[in-house]
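Relying on the hints, combine the two individually framed chains into one complex.
Protein sequence lines correspond, in order, to chains A and B.
Mind the numbering: the first sequence is residues 35 to 505 in my numbering, read in order.
Mind the numbering: the second sequence is residues 393 to 771 in my numbering, read in order.
Since the hints were derived computationally from the structure, they do not count as laboratory data.
In this text the structure is predicted, and so the values were computed from the model without any measurement.
Please note: incorrect hints may appear among the correct ones.
[What the hints assert, rightly or not] In silico contact screen, one side only, chain B against chain A (beta carbon under 8 Å); selected entries:
1. 423
2. 459
3. 473
4. 479
5. 499
6. 568
7. 582
8. 586
9. 588
10. 589
11. 593
12. 687
13. 691
14. 742
15. 744
16. 745
Using N, Cα and C, we set each Cβ at its ideal position, and we do this for glycine too.
Read off the chains here:
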Amino acid sequence: MTDHARVPGPAYPITRPAAQVHFGVFFQGVNHTTIWSAPESGSQTDFASFERVIRVAERGLFDAFFLGEGLRLRESRGRLHDLDVVGRPDAITQLAALAAITTRIGLVATQNTTYNDPADLARRLQSLDVLSGGRAAWNVVTTDNAWTGANFRRGGYLDHADRYARAAAVLSTARRIWDAYPDGEDGEVARVRVPGAELRTPADVAIEPTTPRSPQGHPVIFQAGDSPVGRDFAATHADVIFSAHGSDLADALRFADDVRSRVAAAGRPQDDLKIFPGTSIIVGDTPDDAQEKARWVRYHQVTPATALSIVGNIWGEDLSGYDPDGPLPAHDPAVEELGGERGSATTGARTREIARQWRAIAEEKQLSIRELVIHTASERGFVGTPASVAEELVRWVRTGAVDGFNISPWIVPSGLDDIVDKVVPELQERGAYPAAYVGDTLRDHLGLRAPSTGRPAEARGTHAARLVRAL
Amino acid sequence: MTSPLPFFLGLDIDGAGSHPGAAAVTGLAGADLVAGARLARSVRQAENAGFTFATFADALLPTAPGAPSSARLESVTRAAFVSRTTTAIGLVPQVPTTYPEPFHVAAQLASLDIATTGRGGWLAAVTRTPETAHAYGRAAVDDLGREARDVVQVVRELWDSWEDDAVIRDVATGRYIDRDRVHHVDFEGESFSVKGPLITPRPTQGQLVVFAADGDVAPSAHDERLVDVAIVGGPDVASARGAARDAHERSPRAAVELEVVLDAGGRTGAERLAELAAATPADVRSPWGTGALRYVGDAAGLVGLLAELAAPGPDGTRDVDGVRVLPAVLDVDLPVLQRDVLPALRAARVTAAPRPDATLREALGLPRPANRYDARLSA
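Excised from the complex, chain B in its bound form (with noise of 0.2 Å):
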């Protein structure tokens, strides 16, 4: 029998933490706030902390409109930003589905995937503020289920527009590319089209890993799994898992997403969240508090409470594959994860750092698709 793959960690990297009051409690904002310096510094500590991957929380707009501690940049270049900074973590950008040019989406994630050689994810991500329409000038989209199924089915047939092999260079013909190897997808979905090929040949991994929140993207019209990673939440650790079972059905793998508030610094994590929560302005967009799994308290009870997701159930095999970890304030609850939680795992054996210049689908267990348009293959 084979051992189980590693249980996988992400940890989110956005700003101040995943709380909306980080900025506020860390008094960080404007040009500090997201400057390079320290975006490549939180995922280099991420990566010596051992993480999977890191996921890069985004949205158009503010998290409190008119505010400078809501300063953000934008997602894709802040991941591509780190690409070179980094060696085995992977880098999962959330991008959404609901009103951007799925032609750039494409471009934009095999660029990083290429530039990683392989480190590559996309958290795909459906737009509920009808604000966001008004931003760019169109009309709200309804049926977001649906208009993430076409965005990332058309990016996935984007990414094989091109045959790993259609650069030749043939000198006796003097054919830089095999054109039969390079192919308009031509795909019709419910709100556009795409001709395509892509700009960009294929990614190093042929297909980014795709995450998504579990029941986000309606399923594909032709039978084709569009996520590789579900993620649910849930209020406890039961339903969590419950979530993740269910979502197996759809996904090869599942996260369960989970809010850390840790106690550090001579305070308890319960205190801290109160201060937070004291601290965040009123009537902000924020996914904090709208269905993760939270963990509030010592290490040594979240070391507890991982080891239980990663457990298998009756039948032997997990029902959670993984956790995306968003630490309430990065500065401080990422420190203690370093410390005191993945250590730990580690020599639990519940889950192993990601070797270097590994792709994401090998950290994962997830194989490297063939490509679709592969006449070879169905000859």
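This is chain A alone, in the form it adopts within the complex (with noise of 0.2 Å):
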């Protein structure tokens, strides 16, 4: 891990010198990153917990609180996984009872593409997006396998090279939607209608929305996606990329230089996706004390039945009998291709191709299998004194490496406490962090342009109306 108090990285420009710091928290409910040993871990579960954290973050004006999904338990070779939290709320629900108890805080859900109908994915979305005044979000996320599938009426029906038309197809449906009520009592709700083609439907779709419009016009679109292919779609549709390149400032750089040359690929102005990579935030009085902490944690996180299940996976098989503290397996994975660990975005990796990468660092640095696991496994993420955290968020906003951090606690509900309590105000001290929420939805708070719609540009403003203003 990364001590950024003391390892001074390469001096990159500074390019937005009054950049902000914009912070959003993800509750994971479903990973090994959150610890679920310690005296202080809450319930998972309790409508409590997330009461707790919401409200904590809505004291440390964070931009928005983010739930994600997964529509089957995982399972390693055939039984469910064991050894993470997991049981999660589904997400608009939960979300809409959060929504009562806060009054700006955004409010993001995580929602599948192939397994939702846009008539009413959309439809709750959009009921979210009314009942917040104007607070919601949608991650918007794909599936193909035929596995998650078994959970649903219509099975695995979608090839992998057909997800992400799926996924545009019901997001530009919903986007019609949420488009077809008028703004004024007068007028006639608009009619939405789609060629089964287009959405991968056994007929076509005709929809007569219910739902009018909130104050933010359309709920906030994020992605997540980081192959080409979803960077690619980002690119084109999102307001926000929540990326996995949030630990090395050199790698965000380039991810930033990436998406924001598809942004412009796209037709948009560069500054219209915000960048946000998930992240931790581990802070201590003291260097050391962080550095004890960061240590204390990733042991929790990396527990020795996890640091077995971790490498058995890319063995392909049960590993619980080895000794955690000991070497790696002598031998090489029996299969080339991993497939047994289901529901987890390392499936399709080359396991043998990683476990030669694993053997060289722990034959290099003579790591047990337990310490490797946290040497390559864990999230690395920001670690030292308020002050230096504070130093180090700085300067990846102003260099443009990022526009804000989703930061996941790790543990709950009190994991953001020392973040809200200790590295806000240091943020605030440096002029890069707002003392109170300047607007009221979250695209206010995100700093996003009015949505693109298919309506007039005097009523909302179209594509070109806004690049016009941006220039």
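Structure follows, in structure tokens:
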């Protein structure tokens, strides 16, 4: 892990000297990074845990509270994965409950375009947006596998290559639904018709919307895919890209260059897409305190059983009999491509290549299985004193690498307390964080333009009108 | 002898009211009609009035096609929004069984029940309009009762797919859950299958209270009671009581659906009803006037009608356990219900307000069900 206080990075130019740091919080609900074994680890199910986190985030002037989604519980080699926190609410339902007890913070629901119908999904998202006064967002995700489809009426109907085409069609249908209502009480509500071939439905789709517009026009669109086609989807359609590039500044700058060139190629102003990497923040009163806490966090995240499970998934076999404090298996993985771990982002990875890299690192640094997993599989994020972390976050934003950070607390529900109570004031002292919310909607918090719609320019601003304003 | 359960009172909260002309007579449309502040105020008023539960009527299609006065938000989202602004009233969204994904429905309702700490219910409704199939790009479902049976069945199985004590947090072995207490449901229906388990742990009540119009849900193939509260109607009290008596063959509770148009603001219910009818657009899609019992008149008459429905039959048991009131215009009829109807029923010990923090099951006298997958029960 990087100690930002002691290891100064290369001097990247400050391109945005007045840029402000923005924060979101990602209540993960499923992942080994959430520590469940400590005395202060709270319930992952009780509403009170969600309430505590979102209230702290809103006190800390965060832009958004973010919920993930996975439509089938993870399995390893045919059995449910039992080592990580698991079991989470439906995102839109939970965010609607949270909307009534908050006033400013944005509410981001991860929702799948493959296993939702746009008539239903767009309506639920707009319902949340209207009830929250324009604070909703949709993190657009796709699935193609029949394994997840086994929970749904249509099963695994979509080819891998079609998943983003379906996603684009669902999103454009949703935008038409969100635009269907006239602004005043007069006028007709538009009907939305989409050929079945676009949406991959058995018949054409004809929708009569019932949901009026919210104060922010459309829910904000997040997107998290990191593949080239995923990045292009974000560059074309999204307001925010939730990236995985949140630990290394050089890597984050490369990513920012890449996506901004894709945004320009899509005909949008480069600042139309905000970059929010997922990350974690660990602070201590001194650099040594912070390092000690980080070590405690890593060892609680990567338990002996978790270490053996992660290595076992690459080797494609049950390694629970191995010594987690001993060396990696001496043999190579039997299977070339990863398939046994279902519902995980690593499915399809090249196992022998990963095993070769891991063995090289373990031998060079003399690492046990558990130490190796901590070294390679941990989210690195930011570790240091509140002041040194604040300096680093400001540097990330002002070099143009990111617009903000989507923070995953490593413990629930107290995991944001240090950030809000200690890091936010340091940022405010540096003039790099607001002292109050300035707007009411999520679109306001993020500094986004009005949504691109098919409505008349004088009413809401067309894409062309937005371009003129941007120039 | 134990005293009978309080007669339960549900109230539908839907925009301007349950009458399809309600939006027109109140002048509410679009965002004003569906605003969160208005919704929270209405539900709080129903809770303060002492209603046992609120239902949230819903349909994917607008009541009057093309009209901004047909604005309506999705029902689970509405119910969830008021889950933390209330403490006692049950929250029962109407969610269709015909086209939505049962896996999503199960997770949404389980989440509502957890957010309300056990005040969630489900008004399971069949969708008869073929245009709804067009909104999904699918063929119209022909056997609505069979589809409803399969959807309610699989949703109930998914609610049981996590046992109550599945989360074990066993530090010694590193296991967060006991995987033997989380189950695939492997449901095979006539038109779909679902693998499970649910992504959401077991709801607070174990199973939410399932409401449905009597007869909408075909009987279970496994002899399971799929509907907890059957809803009936009828042209008059005698036939509604008869329908409720009959529904008790299938469901432990029976409720009468009751359309209400009260004397208010110096005008009679009959005058108001005539005005509402005149204001109703042509070709509306609305359940109003399609079979519910109806009361038009003053508050005292309604108190008498409800006491009559609550009265035991010749054998000493109740035919009717409660009502679901459909107020013609929410802002007009609810204040009269709150001021002149529910207090009189409480004074006569016919009904009682739900206790804060009680579950909806407790308010309806329904036990918390055991989990069908708990091996310790069958051992």
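Against the structure, the hints:
1. 423: 5 Å, holds
2. 459: 7 Å, holds
3. 473: Holds. Min distance 5 Å.
4. 479: Because about 13 Å separates residue 479 of chain B from the closest Cβ in chain A, which is outside the 8 Å limit, the hint is violated.
5. 499: 4 Å, holds
6. 568: With Cβ-Cβ at 5 Å, under 8 Å, it holds.
7. 582: 12 Å, violated
8. 586: 6 Å, holds
9. 588: Nearest chain A Cβ about 7 Å off; hint holds.
10. 589: At about 6 Å, which falls below the 8 Å cut-off, the nearest Cβ of chain A leaves the hint on residue 589 of chain B intact, so it holds.
11. 593: 4 Å, holds
12. 687: 29 Å, violated
13. 691: 31 Å, violated
14. 742: Violated, because the Cβ-Cβ distance from residue 742 of chain B to chain A comes to roughly 32 Å (cut-off 8 Å).
15. 744: At about 27 Å, which exceeds the 8 Å cut-off, the nearest Cβ of chain A leaves the hint on residue 744 of chain B violated.
16. 745: 22 Å, violated
Figure legend: structure checked against the earlier numbered hints; hints not met, in rising order: 4, 7, 12, 13, 14, 15, 16.
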